[in-house]
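Number of protein chains: 2
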Amino acid sequence: MADRKAPIGVFDSGVGGLTVAREIMRQIPDEKIVYFGDTARVPYGSKSRDTIIKYSRQIIRFLKTQEVKAIVVACNTASAVALEEVREELDIPIIGVIKAGARTAAAATRNGKIGIIATETTINSKVYTHFLEELNPQLTVIGKACPLFVPLVEEGTFLNDPITEEIASRYLEGLKKEQIDTLILGCTHYPLISSTVGRVMGNQVTLVNPAYETARELKALLKEEGLENTEQKQDREAMHTFYVSDTPDNFRKFAETILPCSVADTTQINIEKY
Amino acid sequence: MADRKAPIGVFDSGVGGLTVAREIMRQIPDEKIVYFGDTARVPYGSKSRDTIIKYSRQIIRFLKTQEVKAIVVACNTASAVALEEVREELDIPIIGVIKAGARTAAAATRNGKIGIIATETTINSKVYTHFLEELNPQLTVIGKACPLFVPLVEEGTFLNDPITEEIASRYLEGLKKEQIDTLILGCTHYPLISSTVGRVMGNQVTLVNPAYETARELKALLKEEGLENTEQKQDREAMHTFYVSDTPDNFRKFAETILPCSVADTTQINIEKY
Chain A
1 MADRKAPIGV FDSGVGGLTV AREIMRQIPD EKIVYFGDTA RVPYGSKSRD
51 TIIKYSRQII RFLKTQEVKA IVVACNTASA VALEEVREEL DIPIIGVIKA
101 GARTAAAATR NGKIGIIATE TTINSKVYTH FLEELNPQLT VIGKACPLFV
151 PLVEEGTFLN DPITEEIASR YLEGLKKEQI DTLILGCTHY PLISSTVGRV
201 MGNQVTLVNP AYETARELKA LLKEEGLENT EQKQDREAMH TFYVSDTPDN
251 FRKFAETILP CSVADTTQIN IEKY
Chain B
1 MADRKAPIGV FDSGVGGLTV AREIMRQIPD EKIVYFGDTA RVPYGSKSRD
51 TIIKYSRQII RFLKTQEVKA IVVACNTASA VALEEVREEL DIPIIGVIKA
101 GARTAAAATR NGKIGIIATE TTINSKVYTH FLEELNPQLT VIGKACPLFV
151 PLVEEGTFLN DPITEEIASR YLEGLKKEQI DTLILGCTHY PLISSTVGRV
201 MGNQVTLVNP AYETARELKA LLKEEGLENT EQKQDREAMH TFYVSDTPDN
251 FRKFAETILP CSVADTTQIN IEKY
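Chains as they are written, first to last, in the working numbering: chain A, 1 to 274; chain B, 1 to 274.
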């Protein structure tokens, strides 16, 4: 029997998954999080399936040493190519962000045309398309890789900038032409430029951020498995811990702009050892 | 006594160093090259000094297993932060790209104002400034990190594009104001957008690509150490070998647009083991 007081493991290639961690903190504030960001090997989005599976296995081995009771793959690329591979090796529940995003989009669309923007590896995996067609074979699904969005977000100075809008216009042109009415932000970095994406797509298009639904799915899963932490925490500021594979400075700076809690407790580990 | 017929090891975080390999192939066509591109952990430019040193050590250990007679660090970031650290651990000659670039720029400037564009880690290391001031303490040296240039080059579709020109205008604005007359392309990816950078800076600014001078330095070094390959190769197409840390497909595609030789012989290795 797993310990209900144990933390939830959440991982991403870098800082993007913090948008998912933030949503978990909002929806289930009594759960402790152990977050791992693979900042020494970021980004994942242009790397191969085998490499992402290898990295995900190493991270899961590390999270197990932290005695987590469940794992959230807060990275679309890793969810797309590694989740099903690693699930069968695990004795604790693990969820990704893709099923949640697909479900929300399928429920939101009125004209049945759904767009997905994501990294190259996620788009090439066709996992979103697969889940959406499973939910409703009538849906038309159009994916578009946007490889510059992650570096634009990480660059920091271009967040609300005509250059980002120009790049977004270029990437999103085809999706607009196809008259999609629902767009999945299929990379955990993208919610940070959702206002630009929304402006380019127009009011009539619903943007789906899988983070919200993922946190809901996690909450339901913990309940179902009898894993909810029923003990109310006194010190919510200090209950989460953060690990990274590169030095923590840049991560801390970025995380402080996203999270409602302190990230002072961020430790570098050698992930290649796991 | 090292084997004169042994290959030269050349490494980079990914494909950028191929611009240096290309220049070595041109200037010393009888030398065999073993190239390593760290495509599973690319990019290096925003990662910490300690992480880059660790990665460089692993790569050098791998190149030693290939019995290279000399090593070229064809990556500005690794040259900036790791070269001096690893040099003392090695019993074969090793050179980087930074000294060569600094020397060319110091010889080229007329008004004594030199600009450097590079990754964040290279700029923060101040290694270019240090070398330039050693060559001539009267020089004014201005560095500017351009973190989006590497993803723009790797994206592929934006190489000759108004978006790249707009981003370049933004990054280079300050250097133009300072009226530099010489600009070092301090990242091995940047020669691939040198026409855009040249257009933005104007005709009066000399662009310095350290690759040319690095190949010259290597040629002189091999002569000095009695390490030149004096045996003329028959089959220049097949004499070079390529290794990468991620799957070879994308690397091959990119390399074929840069190199005059075949890259069919590209093998993936597990660099974390070294």
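Because the hints were derived from the structure by calculation, they are not lab data.
Treat each hint with caution, since some may be false.
Chain copies aren't distinguished; within one or between two, either way the pair holds.
What the hints assert, rightly or not - In the DSS-like style, the derived pairs of lysine-lysine whose C-alpha atoms are separated by at most 25 angstroms in a straight line are:
# : residue 1 : residue 2
1 : 253       : 177
2 : 176       : 223
3 : 54        : 273
4 : 223       : 253
5 : 273       : 177
6 : 64        : 177
7 : 219       : 113
8 : 5         : 64
9 : 113       : 32
Notebook entry, point to check: Out of the numbered hints, which ones does the structure contradict?
Noted result: Of the numbered hints given earlier, those the structure breaks are 1, 2, 4, 5, 6, 7, 9, listed in rising order.
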